[in-house]
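Participant: Listed below, chain by chain, are the residues.
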Amino acid sequence: MKKYLRLLYNGIIPANPVFVLLLGMCATLGTTSSALNGLMMGIATAAVLICSNAAISLLKNVIPDKVRIPAYIVIIATFVTVLQLAISAWMPALNASLGIFIPLIVVNCILLGRAEAFAGKNGVIASLIDGLGCGIGFIFALTLLGAVREFLGTGHIFGYEIYSEDYGMLIFVLAPGAFIALGYLIAIVSRLRGLSSNT
Amino acid sequence: MLYLSIIITAIFINNIVFSQFLGICPFLGVSKRISSALGMGAAVTFVMTLATVVAWLLQTYILDPCGLQFLQTIVFILVIAFLVQLLEIVMKKSVPALYQALGVFLPLITTNCAVLGVAILVIQKEYNLLQSLTYGVSTAIGFTLALWIFAGIREQLELTAVPRGMRGVPLALISAGILAMAFMGFSGITIG
Numbered sequence: 023m024k025k026y027l028r029l030l031y032n033g034i035i036p037a038n039p040v041f042v043l044l045l046g047m048c049a050t051l052g053t054t055s056s057a058l059n060g061l062m063m064g065i066a067t068a069a070v071l072i073c074s075n076a077a078i079s080l081l082k083n084v085i086p087d088k089v090r091i092p093a094y095i096v097i098i099a100t101f102v103t104v105l106q107l108a109i110s111a112w113m114p115a116l117n118a119s120l121g122i123f124i125p126l127i128v129v130n131c132i133l134l135g136r137a138e139a140f141a142g143k144n145g146v147i148a149s150l151i152d153g154l155g156c157g158i159g160f161i162f163a164l165t166l167l168g169a170v171r172e173f174l175g176t177g178h179i180f181g182y183e184i185y186s187e188d189y190g191m192l193i194f195v196l197a198p199g200a201f202i203a204l205g206y207l208i209a210i211v212s213r214l215r216g217l218s219s220n221t
Numbered sequence: 297m298l299y300l301s302i303i304i305t306a307i308f309i310n311n312i313v314f315s316q317f318l319g320i321c322p323f324l325g326v327s328k329r330i331s332s333a334l335g336m337g338a339a340v341t342f343v344m345t346l347a348t349v350v351a352w353l354l355q356t357y358i359l360d361p362c363g364l365q366f367l368q369t370i371v372f373i374l375v376i377a378f379l380v381q382l383l384e385i386v387m388k389k390s391v392p393a394l395y396q397a398l399g400v401f402l403p404l405i406t407t408n409c410a411v412l413g414v415a416i417l418v419i420q421k422e423y424n425l426l427q428s429l430t431y432g433v434s435t436a437i438g439f440t441l442a443l444w445i446f447a448g449i450r451e452q453l454e455l456t457a458v459p460r461g462m463r464g465v466p467l468a469l470i471s472a473g474i475l476a477m478a479f480m481g482f483s484g485i486t487i488g
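Just so you know, the sequences run in chain order A and B.
According to the working numbering, the first sequence is numbered sequentially starting from 23.
According to the working numbering, the second sequence is numbered sequentially starting from 297.
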């Protein structure tokens with residue numbers, strides 16, 4: 023039990039996929055114009071991550087070692103397609119706002135990274151927990167970045183007004199603000215961790 | 297006029313990196329030296345052009361007539377992975393000099409979301425084959441341009457003294473943000 027808790031915690035803070043491992047940057051920057059979008063994208067990615075981790079872990083003895091990467095990609099792409107169909111059927115508004123980033127979950131490095139580093143070597147339950155931890159870490163990072171951008175850009179958080187939109191810095195909702203806000207967030211996180219990222 | 301508009305839009309106005317957020321991983325990963333940035337740019341141009349055309353042909357002549365549009369994501373990613381592998385093998389045999397120059401960057405391209413992104417975008421925009429080809433090539437040029445400028449900036453950044461927490465990626469991201477702001481200046485351009 024303790025082992026699983028450590029696995030869960032590891033993905034959320036010490037090995038946070040966005041702030042520490044710097045994976046999945048495209049989706050992180052592209053979908054966080056508001057806190058809600060960030061949260062939704064995080065949930066979508068986490069769902070695929072948990073499913074693909076579990077499936078890969080179940081199939082790890084069947085998949086030949088030489089073709090494991092293409093096999094992982096097909097498994098991930100299948101879950102992404104399922105998600106894509108589900109979202110476009112039940113949540114068309116969300117589908118419109120996340121747009122191309124839903125199919126692009128396939129090439130999110132977090133998924134293949136976790137498959138290769140963890141799910142291909144460990145049992146199903148551990149892989150599920152690992153996927154859950156990383157997924158929560160990703161949701162946390164995207165929601166935080168989305169909230170910061172929405173707050174600075176429009177004065178709202180999750181659509182609730184904190185200060186008047188007239189004083190908002192629109193640049194934070196637009197493309198350049200994404201880079202700047204994420205840069206400062208990573209700097210703050212690495213300062214808090216007492217480490218300098220030297221990559 | 298339409299083609300000129302596609303070219304200018306893809307390179308400057310809707311630059312793939314600065315306004316569409318695709319291909320950020322190689323953008324941050326391989327932008328430390330101008331030489332490697334140009335190598336990556338050339339490899340991406342190669343694969344992106346080929347992948348866009350092949351994906352368009354597959355979508356128009358196989359997926360659409362058979363009603364298999366839902367397989368788009370799976371088919372496209374496999375096509376890209378296959379193309380990258382094929383290119384690697386062909387180049388190793390026939391143009392070893394080019395392979396030496398691009399070799400290290402090729403495997404990285406499979407997980408470059410810009411390539412898959414462009415393949416899906418041309419289908420969404422309902423471009424015809426020639427328009428797709430134009431869009432693919434000019435997006436790749438835009439990517440190379442962004443990578444090239446950014447590598448030049450990063451070479452200078454390494455010489456500056458910055459606080460410990462800001463060193464590396466955070467500073468690079470903030471510089472990219474300022475560069476993106478500069479690229480926003482192009483958004484006033486209208487063609488045709």
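Read the hints as simulated data drawn from the structure, not as lab findings.
Any given hint could be a false lead.
[What the hints assert, rightly or not] With a Cα cut of at most 30 Å, we get these calculated DSSO-like pairs of lysine-lysine:
| # | chain 1 | residue 1 | chain 2 | residue 2 |
| --- | --- | --- | --- | --- |
| 1 | B | K388 | B | K328 |
| 2 | A | K88 | A | K24 |
| 3 | A | K88 | B | K421 |
| 4 | A | K143 | A | K88 |
| 5 | B | K328 | A | K143 |
Participant: It remains to establish, for every hint, whether it holds in the given structure.
Facilitator: Against the structure, the hints come out as follows:
no. : hint            : verdict
1   : B:K388 - B:K328 : holds, 26 Å
2   : A:K88 - A:K24   : violated, 34 Å
3   : A:K88 - B:K421  : violated, 37 Å
4   : A:K143 - A:K88  : holds, 15 Å
5   : B:K328 - A:K143 : violated, 33 Å
Violated hints, listed in ascending order, are 2, 3, 5; each of the other numbered hints is respected by the structure.
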